[in-house]
Amino acid sequence: MLRLSCSRLLKGSRASAFPLRVPSLVAQAQWRQYSAAPALTKDIIQERIVELFESYDKTAGKEILPSSSFTRDLGLDSLDTVEVVMEIENEFSIIIPDHEADEIKTVQQAIDFIASQDDAC
Amino acid sequence: MSRIRGLGTDILHVSRIEKIFKRGPEPFSISKHVTKLAERVLNPHKELPVFQDYRNQNTDSGFRECVRLFATSWASKEAVYKCLDPAEQRKFSMAHWYKQNDQHGRPFIIGPQYSKIHPMDKFLLSVSHDADLVTATVIRSEDGDPISGLSEAGIRQTTP
Numbered sequence: 001m002l003r004l005s006c007s008r009l010l011k012g013s014r015a016s017a018f019p020l021r022v023p024s025l026v027a028q029a030q031w032r033q034y035s036a037a038p039a040l041t042k043d044i045i046q047e048r049i050v051e052l053f054e055s056y057d058k059t060a061g062k063e064i065l066p067s068s069s070f071t072r073d074l075g076l077d078s079l080d081t082v083e084v085v086m087e088i089e090n091e092f093s094i095i096i097p098d099h100e101a102d103e104i105k106t107v108q109q110a111i112d113f114i115a116s117q118d119d120a121c
Numbered sequence: 001m002s003r004i005r006g007l008g009t010d011i012l013h014v015s016r017i018e019k020i021f022k023r024g025p026e027p028f029s030i031s032k033h034v035t036k037l038a039e040r041v042l043n044p045h046k047e048l049p050v051f052q053d054y055r056n057q058n059t060d061s062g063f064r065e066c067v068r069l070f071a072t073s074w075a076s077k078e079a080v081y082k083c084l085d086p087a088e089q090r091k092f093s094m095a096h097w098y099k100q101n102d103q104h105g106r107p108f109i110i111g112p113q114y115s116k117i118h119p120m121d122k123f124l125l126s127v128s129h130d131a132d133l134v135t136a137t138v139i140r141s142e143d144g145d146p147i148s149g150l151s152e153a154g155i156r157q158t159t160p
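Residue numbers (UniProt numbering), protein chains in the order written: chain A, 1 to 121; chain B, 1 to 160.
Treat the hints as calculated values from the structure; they're not laboratory data.
Mixed in with the good hints there might be a few duds.
A few chain B residues that face chain A, going by a derived Cβ cut-off under 7 Å, partial list only [to be verified]:
#1 Lys36
#2 Arg90
#3 Ser93
Result set (SDA-like, lysine to any residue): computed pairs, CA atoms no more than 25 Å apart in a straight line [claimed, not checked]:
#4 A:Lys58 to B:His33
#5 A:Lys105 to B:Lys82
#6 B:Lys91 to A:Leu79
#7 A:Lys58 to B:Arg106
#8 B:Lys36 to A:Asp77
#9 B:Lys46 to B:Thr59
#10 B:Lys82 to A:Met86
#11 B:Lys36 to A:Met86
No residue lacks a Cβ here, since even glycine has one placed at the ideal position from N, Cα and C.
In isolation and in its complexed conformation, chain A is listed as follows (with noise of 0.2 Å):
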């Protein structure tokens, strides 16, 4: 219940910062929200960033993966990746200080930094 309490998801902010669309997720969230919540395991935290950056309009229609370089592979600049490392905190309820998000190049070095947050949900 905490995790799904203190999920970003129920409020739906992402669609007010990448507003191409609401992802799937959104849905599924409301609709477990008297269940278990599940494991925040790294299958997970991929599947909510490859949805954060389909919504992104720079990145969406792009091929997200694990490899994938933020600024190589997905073509995003230095603002982009402000915005993108934004919409993760929101995305899983963390703070990413600015010397962390300049090491995340990656969206793998993105799941490993999240995965490694006690409090991301």
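Here the structure of chain A is known, so what remains is to put chain B in place on it, guided by the hints.
Just chain B now, with coordinates in the frame of chain A:
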């Protein structure tokens, strides 16, 4: 005698900032997304209060000033980042730096925390605007005089 230690430049379409600020269902003046972004990029003592003053005006001109301030600050700090050594780039935080203009209108940029560690480093900033573009260029030089010997603005007092 000064030695050039780094050169950085950045170019930005100002309209990108405008788009980001207008994104989302909340109006610009109360958007949490804008607040978070501004707090991440703007210096809390020197830039953020000015930004908030313009924002609180809740007018088109206030909005334009916010966009201009943010875009110029962003480009200037990106240029600073590019002229730093890799070890300092890893510690870089935009909010630690601020861009202002001296009494003659010339822009300068300073990072008080950085200057404490590297008192000999001096940053020269040039900014240019045209249509939708802003560019910033920064030269990092190592000076014989520690920065504490400079004016409060972090630049030499010169006669124009």
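Query raised in the report: For this structure, which hints from the list above don't hold up?
Result: The structure breaks only hint 7.
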